[in-house]
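Under my numbering, the first residue of the sequence shown carries the number 2, and numbering increases by one thereafter.
Check the hints yourself; a few may be wrong.
[What the hints assert, rightly or not] Ranges between beta-carbon positions, derived for each pair: (1) Tyr416 to Lys936: 53 to 63 Å; (2) Pro318 to Asn599: 51 to 61 Å; (3) Glu403 to Thr444: 33 to 43 Å; (4) Lys705 to Ser346: 53 to 63 Å; (5) Leu131 to Gly498: 43 to 53 Å; (6) Thr532 to His30: 29 to 39 Å.
[Said to hold, decoys possible] Straight-line Cα separation of at most 25 Å, DSS-like style, residue types lysine-lysine; simulated pairs: (7) Lys705 to Lys833; (8) Lys215 to Lys305; (9) Lys26 to Lys79; (10) Lys193 to Lys279; (11) Lys565 to Lys338; (12) Lys936 to Lys965; (13) Lys388 to Lys193; (14) Lys213 to Lys712; (15) Lys295 to Lys523; (16) Lys406 to Lys565; (17) Lys285 to Lys295; (18) Lys833 to Lys712; (19) Lys352 to Lys285; (20) Lys352 to Lys406; (21) Lys831 to Lys705; (22) Lys539 to Lys522.
For the record, the hints were derived by calculation from the structure and aren't laboratory data.
Even glycine gets a Cβ: it sits at the ideal position worked out from N, Cα and C.
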Amino acid sequence: MTNPKKLIEVAMPIKEISAESVRDKSIRHGHISTLHLWWARRPLPVCRAVVFASLVPDPLDPNCPQAFKEAIELVLGKKNNPGDPYATYSDIPWTSVFDPMEDNLRNRLQMFIGKFTNDMQQHLLGKSTLPSPGKQLSDYNLIKWENKNDETIINKARKLIWVAHNAVNASEEKQSAQELLADFDTHYKAIKTVESELYSLTDRHLETDESKMKTANLENAIEAFLNKMPKVFDPFAGGGAIPLEAARLGCQSFGNDINPVAHIIQKGSIEFPQKYGKPITYSKLEFLKLYGEKEFKKVKNENKIINNGDLVAVNIPNRLTFDLEFYANKLLELAEKQVGHLYPSNKEGNKPIAYYWARVAICSNPSCKAEVPLLRDFYLANKERKKIFLNPIISSNKINFEIEKGNHNLDGWMYRANLKCPCCGNLTDVKNLKNQFISGKTTERLIAVVEEVNGNKEYRLPYQTEIDVLNNLPTVISPSELMPEKDSQNIKIPLWGFNKWSDMFLPRQKVLIDCLIESQKKLFEGKFTNTSNDEYFKCIFTYISILIDRTILDSTSFGRWHSKMEKNEHPYGRQAIPMVFDFPEVNVFANGTSNMLNRLEYILKVINSESLNPFASFVINSSSGDISQFGNKVLNAAITDPPYYDAIAYADLSDFFYTWLKRMLSDIYPLSFAVPQTPKAEECTAIRHHFNGDRDAAKKHFEKKLMEIFKAIEHQTSDIVSIMFAHQSTEAWTTLCNSILGANMNITGSWAIDTEMGSRMLAMGNAALSSSVTVSCVPSQSAGYGDYKEVKKAIEVTVAREVDELYRLGFRGADLLTACFGQAVSEFGKYKKVEKADGSEVTVAELLAMARESAFNALLKGFDGDEYTKFYIGWLQLNGFAESDFDDAATFAKAGLSINVAELFKENILIQNKNKQTLATFEERNKLKPNLGAKSDSFLIDQVHKAMALYKGTNRNALLDFIKEKASAPDGSFWRVVTSLDELLPKECDDQKMTKGLLTNKESLIRESKETQKPIVQQGTLELE
């Protein structure tokens, strides 16, 4: 029996997923992204949606198990959900026409994943303002941030996955939905029961027979549950979002990454919280033994267990966060005792929260030679209501400062890495400055001190005692690992003489880091005793290492002082390390936002947020594409977000962290930290300096490695592979398709999901391709050679069917086009090669052109209008107002239309710019042709654009006359074109405002145009000469 398609192959609520994914970027507290820096993380909503949609079948597929259809009715139907929150849209809110969504099982699954609230629907219909981000999606949705730990919502997803995974195919029904759901309840309740028994056991940390038995009971209950759920694997797990969401949905979740830093982040995000972040009850005696009297006195009343008036035990809601906070505070105490004096308090006893530094170079004028702080600006605080700046005091070739309040009009001394001397006006160019840095002639100067008083930041010049401290620092041995010298794309500072990772730190920062690492060792002496608690203390030790690593990131001389927000920013603002000339040094012992306790708070919130899930992921630190990790077809699904060429140099950038983590964690994770730096040769990227600067060799390495990994995934996976790809250029699609098809898989679906730019996320008709694409693939045995004409015809039929289906679901523009790409590839991928009559092979680029052409024809099928109007609407649908190549226009003009490109330029449909062109706006067309749309046989698009111009103008009589002549029929072609434009134009652009205005006032305009119009007397102005 043919397996049913998965939901992800046929439908996805991409607008709703995009909305919550954009929101996800701004969520901080409790989000795994705040545990530790990692690059290019996927938003949790899109990961949860893709995992779920990859594991449940399409209920409208004829091969879908009946039990799963019944389960949707039971879990998402109106009967068991008061208010029917998963009812489909009565009118799809982002289309301009009345567009009811059919209430079927497939669409209910979509509404469960994501559904706009009534307020958001009204906004999309143009009837209200935009709701706040947290009010855009329904409170009953799977992907909403607030629901990630809502057992009721999450269990709906788990139940549907359970039924989908355990139901036999449609021809061999054995278990009903009720039976399968009852089986789920039995297994899940077993976990909750043994959890309660274990976590209510006093002193369960002790190795007693009872604690061992109850721990084993819980492990067995979890294993029994997971054995009846799918196995999901992410070979490029990175920050851990995909395996986290797979585990949240109750799956057997596996995450792999070749990078040891990513591996440690995954342990802290998707393994340790779920394993160890659980309640514990200590007897009073054990609590005192472990934490001491001082900690005992801090116990809150709600955590005290009283018996006959005596405090006999202490309940800790989360053992992991409690212990981490306890040991982190101990670490801070130890470190402050040793190096706290290096950060002296002011006269009032307040500790500075930061120190503002500048690098100092020598003016190249031989008669000046001033030692100049390399300052780009002088503001320390540059807020709307708070302006504080450094005012230079120049005396001969000596430079000092005073701190003043208010605005200034001073020009910075640094511009594009060139120095203009404030003493003599001489320009010291970048080449000279680099030579000074490389030869060691530059220094650093402490310019100002930042303090916090009653929540307000204040600034002062440094005291002499603070200068004296810097001149009497102890010497420490610093790491000797080198930075990549030739990676100027990502790590630019070796060009300035900073060659070792330890060169990024001031001497005081090096002393601090050395102290923190040594204090960590002392703190955990004797904690590893070869018992079952060793694994737990390894977990605590790992989190302390993560905390120190985060502190190190805040403690470099390459951060930035953000004067508009008055805070420190770490060096990796743009996935690279640029050269900086002024920077803050934070005091980790003070009360500022970058202190250690503040960073600890973020980690604690992540643990608390993810501890509620009983299912941990299994994380692996191995080369991606290791075919020995899993047997043949052992996995049910592989879901991943692979790297892309040289977009991010993961290994090079993460060496910063690896350098320090290796010193802390090599004894605990010897295999992960066995080499001097992160693995480079096996990384699936195209970083050319790894190949002696050979771009082609780097590119070939990436493409070969990606195909090898996809081949391993195909070997290991039985059902479906879902791939997120953050690029949609033709080159990206070519690479993706070639790698997938070359790995004996075929694409079955593709979806554009915007995760980056909220300002254009819901702009239906903005046909610039969205920021990322998710494709679904299945193992496939391509056979023989395909004939170009036959494949082209099959693509046309398939794309036309896809357009018809998805258009009814509200897909427009680039979203629709991306879905068509996937369907086109599915036809192409049925063959080993597709050849033309002359024997030449059809390329992926040509395939995508075929998909565009087929989509164009399908979109315009049945459109009652002239050729130019068809072209305008079709081009807007696929390209918007984006610039495109000349050849694209020639291709589209031939796609079922009898016009040529020259005519399109002549009629100002397209505006030419050398070998590029853009679609003309209504204002551009009216400006180029003032009498646009006046002729009786003028094109519909000309008439509509003239009406838009008249609507924007002030002559209402002229607009009414035009409506009377050209658009008096409310159901006529004119208004159908206006409606089409309104659906496709980018929201809030001037063109869309005009179409929206015309449609909103349509009835009154037609009515008034038919009435006898009286002349309007306008009051003139008396002009005197």
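Okay, the hints, checked on the actual structure:
With their beta carbons about 57 Å apart, Tyr416 and Lys936 fall inside the hinted range of 53 to 63 Å. In this structure, Pro318 and Asn599 break the distance hint of 51 to 61 Å, their C-beta atoms being roughly 22 Å apart. Checked against the given bound of 33 to 43 Å, the beta carbons of Glu403 and Thr444, roughly 21 Å apart, lie outside it. One distance hint, 53 to 63 Å for the beta-carbon pair Lys705 and Ser346, holds here, with the actual separation near 59 Å.
Between Leu131 and Gly498, the C-beta spacing of about 50 Å keeps the proposed range 43 to 53 Å intact. Distance hint check for Thr532 and His30: the Cβ-Cβ separation is about 35 Å, which falls inside the suggested range of 29 to 39 Å. Only pairs whose Cα atoms come within 25 Å are accepted, and Lys705 paired with Lys833 is accepted, the gap being roughly 18 Å. Of the supplied pair hints, the one linking Lys215 and Lys305 holds, its CA atoms being roughly 24 Å apart against a limit of 25 Å.
A threshold of 25 Å between alpha carbons decides the hint, and for Lys26 with Lys79 the separation of about 33 Å lies outside it, so the pair is violated. Note on Lys193 and Lys279: the hinted pairing holds, with a Cα-Cα distance of about 13 Å set against a maximum of 25 Å. Distance restraint check for Lys565 and Lys338: the Cα-Cα separation of roughly 34 Å exceeds the 25 Å cut-off, and the hinted pair is therefore not satisfied. In summary, the hint linking Lys936 to Lys965 is supported, as the alpha carbons are separated by about 14 Å, within the 25 Å threshold.
With a CA separation close to 57 Å, the supplied pair Lys388 and Lys193 exceeds the 25 Å bound. This hinted pair does not check out: Lys213 and Lys712 have alpha carbons roughly 42 Å apart, beyond 25 Å. Using a Cα cut-off of 25 Å, the hinted pair Lys295 and Lys523 holds, with the two alpha carbons roughly 20 Å apart. Proximity of Lys406 to Lys565 is assessed by CA-CA distance (about 14 Å); at most 25 Å being required, the pair is judged to hold.
Annotation: proposed proximity of Lys285 to Lys295 holds, straight-line Cα distance about 13 Å (limit 25 Å). At roughly 15 Å between alpha-carbon atoms, Lys833 and Lys712 fall within 25 Å of each other, so this suggested pair holds. With a CA separation close to 37 Å, the supplied pair Lys352 and Lys285 exceeds the 25 Å bound. For the given pair, Lys352 sits about 22 Å from Lys406 by alpha-carbon distance, which is consistent with the 25 Å threshold.
Restraint check for Lys831 and Lys705: satisfied, since their Cα atoms lie roughly 22 Å apart, inside the 25 Å limit. The suggested pairing of Lys539 with Lys522 holds, with an alpha-carbon distance near 12 Å, which does not exceed 25 Å.
The structure fails hints 2, 3, 9, 11, 13, 14, 19 (numbered hints given earlier, in ascending order).
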